[in-house]
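Residue numbers (the numbering used here), protein chains in the order written: chain A, 1 to 201; chain B, 1 to 319.
Note that these hints are calculated values from the structure, not bench results.
Where hints are given, some of them may not hold.
Stated by the list, open to error - Covered, in the sense of this in silico footprint (three residues per stretch, anywhere, with C-beta under 8 Å from a C-beta of chain A), are these stretches of chain B:
| hint | stretch |
| --- | --- |
| 1 | 90-101 |
| 2 | 114-120 |
| 3 | 191-205 |
| 4 | 245-252 |
| 5 | 285-297 |
| 6 | 307-317 |
Beta carbons are placed, not taken as given, at the ideal position from N, Cα and C, and that holds for glycine.
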Amino acid sequence: MSISSLRFLPASRGTLMRLRQQLNLVVRGKEILEMRREQLIKELFEIMDKLKERDSIEHEYLRALEEVCRLRALRGEYEYRSITSLIEPPKAEVLLISIQGVTVPQVRITRDPDLSKIKDPEYRRSFEMLWKVLKKLFELANLEVAVEKLSKQLNYINRIVNSLEKNVIPNLKEAIRYVEEKVDEEMLEEFVRLREIAKEV
Amino acid sequence: MSLTYAVVRCHGLIQHLLRKEQYLSIVYDKLSLGDIKEYSEYKDEYSLDRKLEIITRRFVERIIFLSKIVEDEIRDFLMAFLDYLELENLKVKLRTLYGKEENAIYYPYSHFIDVNELKEARTDHAFLKLLRREPYRMRMDIMRRILRRGDIALGEAYLDACYYDYVKRVIRENERTLKVLIKFLNYEILRKLAYWLLVLGEEKVYEPITREMLQGLMPYNEEGRHIGLERAIRRLGIDVEEAMKYIETGRITDLMHLMRERELRILQRGARRRSLSLVFIYYYIQLCREEMYNLYRIFIGKENNLQKEVIIGTLITLL
Numbered sequence: 001m002s003i004s005s006l007r008f009l010p011a012s013r014g015t016l017m018r019l020r021q022q023l024n025l026v027v028r029g030k031e032i033l034e035m036r037r038e039q040l041i042k043e044l045f046e047i048m049d050k051l052k053e054r055d056s057i058e059h060e061y062l063r064a065l066e067e068v069c070r071l072r073a074l075r076g077e078y079e080y081r082s083i084t085s086l087i088e089p090p091k092a093e094v095l096l097i098s099i100q101g102v103t104v105p106q107v108r109i110t111r112d113p114d115l116s117k118i119k120d121p122e123y124r125r126s127f128e129m130l131w132k133v134l135k136k137l138f139e140l141a142n143l144e145v146a147v148e149k150l151s152k153q154l155n156y157i158n159r160i161v162n163s164l165e166k167n168v169i170p171n172l173k174e175a176i177r178y179v180e181e182k183v184d185e186e187m188l189e190e191f192v193r194l195r196e197i198a199k200e201v
Numbered sequence: 001m002s003l004t005y006a007v008v009r010c011h012g013l014i015q016h017l018l019r020k021e022q023y024l025s026i027v028y029d030k031l032s033l034g035d036i037k038e039y040s041e042y043k044d045e046y047s048l049d050r051k052l053e054i055i056t057r058r059f060v061e062r063i064i065f066l067s068k069i070v071e072d073e074i075r076d077f078l079m080a081f082l083d084y085l086e087l088e089n090l091k092v093k094l095r096t097l098y099g100k101e102e103n104a105i106y107y108p109y110s111h112f113i114d115v116n117e118l119k120e121a122r123t124d125h126a127f128l129k130l131l132r133r134e135p136y137r138m139r140m141d142i143m144r145r146i147l148r149r150g151d152i153a154l155g156e157a158y159l160d161a162c163y164y165d166y167v168k169r170v171i172r173e174n175e176r177t178l179k180v181l182i183k184f185l186n187y188e189i190l191r192k193l194a195y196w197l198l199v200l201g202e203e204k205v206y207e208p209i210t211r212e213m214l215q216g217l218m219p220y221n222e223e224g225r226h227i228g229l230e231r232a233i234r235r236l237g238i239d240v241e242e243a244m245k246y247i248e249t250g251r252i253t254d255l256m257h258l259m260r261e262r263e264l265r266i267l268q269r270g271a272r273r274r275s276l277s278l279v280f281i282y283y284y285i286q287l288c289r290e291e292m293y294n295l296y297r298i299f300i301g302k303e304n305n306l307q308k309e310v311i312i313g314t315l316i317t318l319l
């Protein structure tokens, strides 16, 4: 039943009862959504705290990358490319997990790159350092995706709560008031008509 | 032609090598490499691979040009010097046998082993067949054992050893003319030895079996000796404490860079003292090689957005 059609409802006690039940349901729903909103905000703040590390991780990443590039320049492209061909690349998969009931895609590394064929300690150290930072960046990306998905959900809940608060509940209250008045008027009319009939009889 | 003629030509040719100011201008984009007559083929819009190829070809042309104006015994040495690129190609192939071929690039140079044949070799067997060729005289049983174990680092060390064995053989065959270079070649060998001592460890290098395999990594006429890391470093006039700092922080490349710089400075002093001898030719070819490496460093650094100061820090400039 749409809100705008409430005015055209038959003004009866049955309608009044149904409208009151509906109002109760909507108010309870709104309270539950507000609680959920608070939980999501709490979760978001916790994730945002972890995201504060982004600056230092990015800085670390740039340093590791610069070290690898410097090594590349010093050792030459011919050596560098054949050395990197010895690396067994890492494996990752995307999983869907639930955070506070919101489905969030997350990258999970299932296998680290295999550097065992590289014996040069400096290459190994530089690549290990770069991979360590890249793993942190993956985690960061996972958190950012979670923030995005939770924010979308939060936005959706906000819209629903606002709509309930500003539109649905006032309209229902108005409809109840209107039906109550109509029912009272009809009761009064019925009472007057019955009294007139009694006088004539 | 006479040695004196070749040396005098080298005095002239050295003037064509890039100077520090030119490197800086290229780093700061004030000068394009293509503006320099020697590299007129170069264009800024070329891919990194193409740029590196042009630079390498220039180096090869310079050495081949020089080899045409020297006596036979010096020519053999110059070609052996150039064959280092072929050895590097063999190392690339060895790595790609255990990695992926598509990533690899090869130096555009062949002498005894055609680079296209090398690229085509996809199996251990095909690779071993190429290694049988002279003059590297690799022992097939050793190489087969290395390939079976997949010990790439030892394989590379063995290739280096075979290469220096070959260079030393060339010197030995013409010792009367080439003996002046032994001292300087030994510095290069010591640098290589230091590298492999760091990568493989002293114990492994001096194990009875590997010791025999890696004889080529010992300086000329010192094949039976035990040269430890500290001794190798000290012989290049580098402070051991300073070197240890590099080693402790895992900066082997920086240590090798320092050793290479020291090696070139010693050679520069030698060339100044004996400016009309074969040492000067050796100094010139080493400078040609260093120019190639410097240009690699600049273009690889630029391609990877390295800071200009960092790129400049990687250069070795003697002129």
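**Request:** Give me the numbers of the hints this structure contradicts, sorted from smallest to largest.
**Result:** Violated hint: only 2; rest satisfied.
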